[in-house]
Amino acid sequence: MDVVIDTSVIIAVIAGEPERDGLVELTQGVNLLAPPSVHWEIGNAFSAMLRRRRTTLDRVMEALELYSRVPIRFAQIDLEEAMELADHLGIYAYDAYLLACAQRYRAPLLTLDATLRGQAERLDIKVWEQ
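Just so you know, the sequence shown maps onto residues 149 to 278 in the working numbering.
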């Protein structure tokens, strides 16, 4: 079974946040999918943490080592479809990419982002809860 995961889920797992164990258990035996943009969002999330002094570069490097071992298939999406979703829902492109991925591959979405969860539900995309 395929499941689309977003940056919030990946960061929670690789940064050792409290949700980590439950997320790892929940995703055992499934194929993890994400649009290619998620890769760069990981970097953006960590750079924001560094700027706010919420972490250190050493911790980021350790987390990136873990990230390199997460078996994510970066699945292509249609940019035009994503832009139509962005316009329809009034959302940023990064969220639209995730929703377009879930729609294209007919896969549920796993996210810790309540706003993204609500957008997915508006589109009748199944959302996995932890």
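There's no promise every hint is true.
Label pairs and their in silico Cβ distance ranges [to be verified]: (1) E228 with T204: 17 to 27 Å; (2) D272 with L205: 36 to 46 Å; (3) L214 with K274: 22 to 32 Å.
If you're looking for bench data, these hints aren't it; they were derived computationally from the structure.
Predicted, not measured: the structure shown is a model, and the values here were computed from it.
Built from N, CA and C at the ideal position, the CB exists for glycine as well.
Hints versus structure:
no., hint, in the structure
1, E228 with T204: 17 to 27 Å, "violated (41 Å)"
2, D272 with L205: 36 to 46 Å, "holds (42 Å)"
3, L214 with K274: 22 to 32 Å, "holds (27 Å)"
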